[in-house]
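**Student:** Residues per chain are reported as follows:
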Amino acid sequence: MIIAPLGCSSVKEESDANKPHYVMVFDQNKCTGCGECKDACNVANNLPDGKSRMVMEQLSGGVAGEICPHCGKTECNCERKYVRVSCQQCKNAPCVTVCPTGAAHRDEKTGIVTMDASKCAGCKYCIGACPYDARYINKETDVADNCDFCLHSKLAIGELPACVQQCRYDALIFGDANDSTSYVSKLLRVKDSVRIKPGFGTEPSLRYIPVVKIGV
Amino acid sequence: MDGTIDFSMGLSEGVAWPWPIAVYLFFAGISGGALTCAMVIRFYKNQTENTPFYKAAAVISFVTISLGMLCLVLDLTNPLFFWRILVFYNFNSVMSIGVLALSVYIPLTAVISLLALEDEIRSVPVLKILVPIIEKLKAVRKPAEVIVLILALSVCAYTGFLISALIRFPIINTSVLPALFIASGLSAGAAAAKMAAVSIFKGDLHSSDMKLLHGAEWPIMFAEIMFLFMIATSLLTGNAGAQSAFAAFHSGVWANVFWLGVVGVGFVGPILLNFATSKSFSHSAKAFYVSGLCSVSGMMCLRLFILYAGQHFAI
Chain U
72 MIIAPLGCSS VKEESDANKP HYVMVFDQNK CTGCGECKDA CNVANNLPDG KSRMVMEQLS
132 GGVAGEICPH CGKTECNCER KYVRVSCQQC KNAPCVTVCP TGAAHRDEKT GIVTMDASKC
192 AGCKYCIGAC PYDARYINKE TDVADNCDFC LHSKLAIGEL PACVQQCRYD ALIFGDANDS
252 TSYVSKLLRV KDSVRIKPGF GTEPSLRYIP VVKIGV
Chain Y
162 MDGTIDFSMG LSEGVAWPWP IAVYLFFAGI SGGALTCAMV IRFYKNQTEN TPFYKAAAVI
222 SFVTISLGML CLVLDLTNPL FFWRILVFYN FNSVMSIGVL ALSVYIPLTA VISLLALEDE
282 IRSVPVLKIL VPIIEKLKAV RKPAEVIVLI LALSVCAYTG FLISALIRFP IINTSVLPAL
342 FIASGLSAGA AAAKMAAVSI FKGDLHSSDM KLLHGAEWPI MFAEIMFLFM IATSLLTGNA
402 GAQSAFAAFH SGVWANVFWL GVVGVGFVGP ILLNFATSKS FSHSAKAFYV SGLCSVSGMM
462 CLRLFILYAG QHFAI
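These protein sequence lines map, in sequence, to chains U and Y.
Each residue of the first sequence is one higher than the last, beginning at 72 in this note's numbering.
Each residue of the second sequence is one higher than the last, beginning at 162 in this note's numbering.
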């Protein structure tokens, strides 16, 4: 009788199952690193010049005159590999927990971690707390900002996130993982995907399909 | 799938919490530490008069926490947004709980200061208008002192809990941090209040209050050293992220701040001044002030080290 209520508390609320769980899949095999996703993000979300809510990090492969981040040589045969760096949309989000004003919050309807700019005091607690360093201060509004899958700019008008629309190589896939008929659900069922730094226990909603092939 | 995919770039620029936050942690520690010492002595010795140390601790606690708040506000991206922290609350957030504690603590330090400085206020004609307020406050003096003691310790611990919630940084994300910050707050707070008691409130350098504090100084310093040792060993024996963060203790500019500032000035300084010098010097006013300043500067270095080295070594 004493232990029973404790057992119950760890059971997920049933209402969660009826809610959507929006996920984004980044397919490293398809990404060429063109960077058009960044430009689309900047335009869609009215961000300051040159700023976007996501960046691309080059993990390997030579660019003329630059050192390959993987092997350290200026000339190499490493395959060019990129990775998307953006808010991981954690189910257990440290930024939401630490935010003193509730400005960094989870949208009630979609479950997406987003910002209420009118509540943010600019204390930067969320920026230090994010295990992925995926949050930043928007220099024009002076408040913290994160990738919220274009919740207010694109999803609100029934469109896909700007970066997903822009990507010409289908490297970004977005959808509801709780809807078993969605494309993203079907994709995740057949493809091996990984999450970044799962050891933090943040349960990110961004999935990565990494390049695992090393040679022929 | 070891290291299948990861990234090292971030979207933020520089450290999220720069030096004003270290200064805030410093002031909050001094404030809470000084007031805790004063209240413990008052209750332990059943004092009813306003001793020089009590007066000094009260004033210091109010002044330092106010300066700390100033640092905090100025570090916001837009200081005019400050009211939002006071209006909106999230009780899962350590900071929000701290705001609540501070919004009771700060007015109480002002109340304690008024009560402590009663004689001084009575002697200045312009401040006579405060006398009726002081008379009214006397009725709640005892409960106010008990609550302020609890809150003073909470504020010291809070500064530790506040930053230990940052899970990306192995040096900062440790459970010992609140305890370390209480210990260092007590030693530096006591040192600051002792110096003010003797210099401003004409206290006796060898009064019984001072003797009591002097006796408590060394066990507190030992606790501080032990907590730091615990942090260092847990990093050394920890996972890959913790092991790489251990470098903070032996390389880079923050290792110098640690060994010269925290250990050299903060620990070795007072120990040498008190135990390695002649009795006539170690009991002199000069040794008293230098040792106190060492203690306070060591604490500032500790806060800078924890905050900067901590944020520098991210997982």
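Some hints could be false.
Only pairs whose alpha carbons sit at most 20 angstroms apart, straight line, appear in this in silico EDC-like list of lysine to aspartate or glutamate [stated by the list, open to error]: (1) 303/Y x 280/Y; (2) 262/U x 280/Y; (3) 122/U x 280/Y; (4) 262/U x 247/U; (5) 225/U x 110/U; (6) 152/U x 280/Y; (7) 210/U x 236/Y; (8) 162/U x 236/Y; (9) 90/U x 204/U; (10) 101/U x 174/Y; (11) 210/U x 174/Y; (12) 190/U x 167/Y; (13) 90/U x 247/U; (14) 122/U x 107/U; (15) 225/U x 204/U; (16) 268/U x 236/Y.
For the record, the hints were derived by calculation from the structure and aren't laboratory data.
Computed from a prediction, not measured in an experiment: that's the story for all the values here.
**Student:** Taking the hints in turn, state whether each one holds.
**Tutor:** Hint check:
no. : hint          : result
1   : 303/Y x 280/Y : 19 angstroms, holds
2   : 262/U x 280/Y : 78 angstroms, violated
3   : 122/U x 280/Y : 60 angstroms, violated
4   : 262/U x 247/U : 16 angstroms, holds
5   : 225/U x 110/U : 15 angstroms, holds
6   : 152/U x 280/Y : 74 angstroms, violated
7   : 210/U x 236/Y : 14 angstroms, holds
8   : 162/U x 236/Y : 30 angstroms, violated
9   : 90/U x 204/U  : 27 angstroms, violated
10  : 101/U x 174/Y : 29 angstroms, violated
11  : 210/U x 174/Y : 11 angstroms, holds
12  : 190/U x 167/Y : 32 angstroms, violated
13  : 90/U x 247/U  : 9 angstroms, holds
14  : 122/U x 107/U : 13 angstroms, holds
15  : 225/U x 204/U : 24 angstroms, violated
16  : 268/U x 236/Y : 30 angstroms, violated
Checked against the numbered hints above, the structure breaks hints 2, 3, 6, 8, 9, 10, 12, 15 and 16 and satisfies the rest.
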